[in-house]
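There are 2 protein chains.
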Amino acid sequence: MDRKELFGNILKKRSFLCIGLDSDIYRIPSFLKDTDDPVFEFNRGIIDATHKLAVAYKPNIAFYESLGSPGWLALNKTVDYLKANYPDIFLIADAKRGDIGNTSKLYARAFFENMNFDAVTVAPYMGEDSVSPFLDYPGKWVILLALTSNRGADDFQYHPDDKNSLYRLVLNKSQSWADRERMMYVVGATRAEMLSEIREIVPDHFLLIPGVGAQGGSLDKVAEHGFNSSCGLLVNSSRGIIFADNSENYASVAAVKARELQQQMESHLYKKGLL
Amino acid sequence: MDRKELFGNILKKRSFLCIGLDSDIYRIPSFLKDTDDPVFEFNRGIIDATHKLAVAYKPNIAFYESLGSPGWLALNKTVDYLKANYPDIFLIADAKRGDIGNTSKLYARAFFENMNFDAVTVAPYMGEDSVSPFLDYPGKWVILLALTSNRGADDFQYHPDDKNSLYRLVLNKSQSWADRERMMYVVGATRAEMLSEIREIVPDHFLLIPGVGAQGGSLDKVAEHGFNSSCGLLVNSSRGIIFADNSENYASVAAVKARELQQQMESHLYKKGLL
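Taken in sequence, the protein lines are chains A and B. Start counting the first sequence at 1; every next residue gets the next number (the numbering used here). Start counting the second sequence at 1; every next residue gets the next number (the numbering used here).
One chain only, chain A, in its complex shape:
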C-alpha cells in the first residue's frame, strides 16, 4: 500500500486509528480458551468488530513469540484473515528487529515474504545496513524507532540539549536511506509536545504514534502538534481497545472504544480541513 492509498483510506474511514493486536493469552476472555486457537479467535472477533473504524492493525510480535510455535501459527492466521477479508487495512508487524545485513534479510523474509505485512518496525541502533534489507521489498515500509513512549527513551534517545539528541540524528540520517514513500517513524504519544520539533525535521513522513490510552498519551496533543497535509499520523491504541471488556461482549465493547477514538479523530480531521 502506498502513501496515497493510505491517505485515501484515512479520508474514507475518517480515522487514523491503528489497533494494536497485543493479544496476551492471559488476558483474553476465558470463553475463548476452549477454542482450537484462542488468540486467533480473539483477533478475529476484534477485527470483525472494528475494521471499519481503523486504517491499520499492529500485532506486537512479542505476544505471539512468547507462545512459541502455536503463537506463530496464530499470527500467520491473523495476517491471512486480515488480508483476505479486509484488503484496505495497513498491516504492521511491531517487531523492532534489526541485525547485520545478512541477518536482517531473514527478518525481512519472515515478515514480508512468509507473512504479508505492509510494514515492520525496526530498531535503528545498528545503522543503515541493518535497515536496508527491509527496503528491498517494493511497496513495503520500514517504520523506524525514533522517540519511543517509554521512560527509558530518556536513557539514550533524548538528550537534555535537544540538538544533540540521538532521535534527531536518527531522523536526519535515515532520510537518505528511504523517502516518505517507504519510511515512517515511531514517536510516542507521551512525547506529544516534541512533535512540533519532529515535524521540522520530517514534515512529510507518516508517524506511528503509540502510547495513547494505557500509557497516558493524549490524542488532542498529538493532533495539535503532529498533523501534516496528508494527515501523516497513525495513532495506535492496544489495551484500551482490545481489553476494554473480557466477557463474551469483548468485541462489541472494543468497537465502542474504537468508535470513541475514531470520532475524536474525525473531529480533528475536520478541524484541520482535511475532510
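Simulated from the structure, these hints should not be mistaken for lab results. There could be a bad hint or two in this list.
Stated by the list, open to error - Simulated pairs of lysine to aspartate or glutamate, EDC-like, Cα-Cα distance not exceeding 20 angstroms:
hint, chain 1, residue 1, chain 2, residue 2
1, B, LYS173, A, GLU260
2, A, LYS173, A, ASP161
3, A, LYS163, B, ASP161
4, B, LYS173, A, ASP129
5, B, LYS163, A, ASP162
6, B, LYS163, A, ASP161
7, B, LYS271, B, GLU260
8, B, LYS83, B, ASP2
9, A, LYS173, B, ASP154
To be verified - Residues from chain A that keep clear of chain B, each with C-beta distances beyond 12 angstroms, as calculated:
hint, residue
10, MET1
11, ALA74
12, ASP99
13, ARG182
These numbers were taken from a predicted model, which means no experiment stands behind them. A virtual CB, placed ideally from N, CA and C, is assigned to each residue, including glycine.
Fit chain B to the given chain A structure using the hints.
For chain B alone, kept in the frame of chain A given last:
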C-alpha cells in the same frame, strides 16, 4: 550458569569459542533436506562434532523465525537437545530484542521460560525499562549491544569524537542496571583496536565478540586487546565453521575448523597466563 562456572568451562575446554548456529536452510547440505527437520538435524550434527571445542552456542533467531512455525520447532528442539546432552554449554539467543517493559517481559518469557536459553542479546535503544524484564530471571544473562561488527555501527554507535560515542554511553549507563554477573556486551571483532578503550570502561565484564571469520575480524587482535583476568571473552564464529563444507562430512569439517580456532585460543590463554 554463573560467571565462575563459565570461566571454569573455558579453562577446562581451553577454549572461549562460541559457535553461531546461523543455520540457513538454503545453505545446509542437500542430503539433510529429506529428513523431517533438516535444520535440527544439521544443528545436531554440528553440536555433536564440536561440543568439546566450544563453551557456547548462539543460534541467531532470524534464521529460525524466517521459517515460520517449523523454524521455531527446530529452535526448540535444538535448545532441548543441547541442554539435555551438554549441560555445560552456555546457550545464547541472538535475538537483539527490546521493547517497552510490558512487552520485553514477553520476549524474556519466550527465551528464558519457554526455551531454556542462558542469555539473550538485547538492543539498548529503548533504555533501561526495555532491558530490565530480561534481568528478572535469576541466573540468566543480558548481552547488550554496544559496538557492533557491521558498517552501520558508524551511523549512531560511534562518533568521531570517541568520548561522545553512543556505545560508551551504553556501556557506562547500563552498568547501573546489572553487574558483571548478569550482563555482558556485544563488541564486534572488526572493532578489535577499540577493545582497549572498552576495557577501561568495563574491565571485568564478559564480552561477546562476533565478526571473526566471514566478517573479517582477527582473533589475535581481539585477544591482544580484550582479555581480562577471567578471560572475559566469548568469540563467535558462525559461517566459517558451520558452512565450511556442505557434503556429508560437513560436521567433521566443522570440527576441524572449530579445532583450529580452539587451538589458537588455547595458545592465547597460555600466553596470558590463564592456563
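Hint check:
no., hint, result
1, B:LYS173 - A:GLU260, "41 angstroms, violated"
2, A:LYS173 - A:ASP161, "19 angstroms, holds"
3, A:LYS163 - B:ASP161, "17 angstroms, holds"
4, B:LYS173 - A:ASP129, "26 angstroms, violated"
5, B:LYS163 - A:ASP162, "18 angstroms, holds"
6, B:LYS163 - A:ASP161, "17 angstroms, holds"
7, B:LYS271 - B:GLU260, "17 angstroms, holds"
8, B:LYS83 - B:ASP2, "16 angstroms, holds"
9, A:LYS173 - B:ASP154, "11 angstroms, holds"
10, MET1, "23 angstroms, holds"
11, ALA74, "10 angstroms, violated"
12, ASP99, "5 angstroms, violated"
13, ARG182, "17 angstroms, holds"
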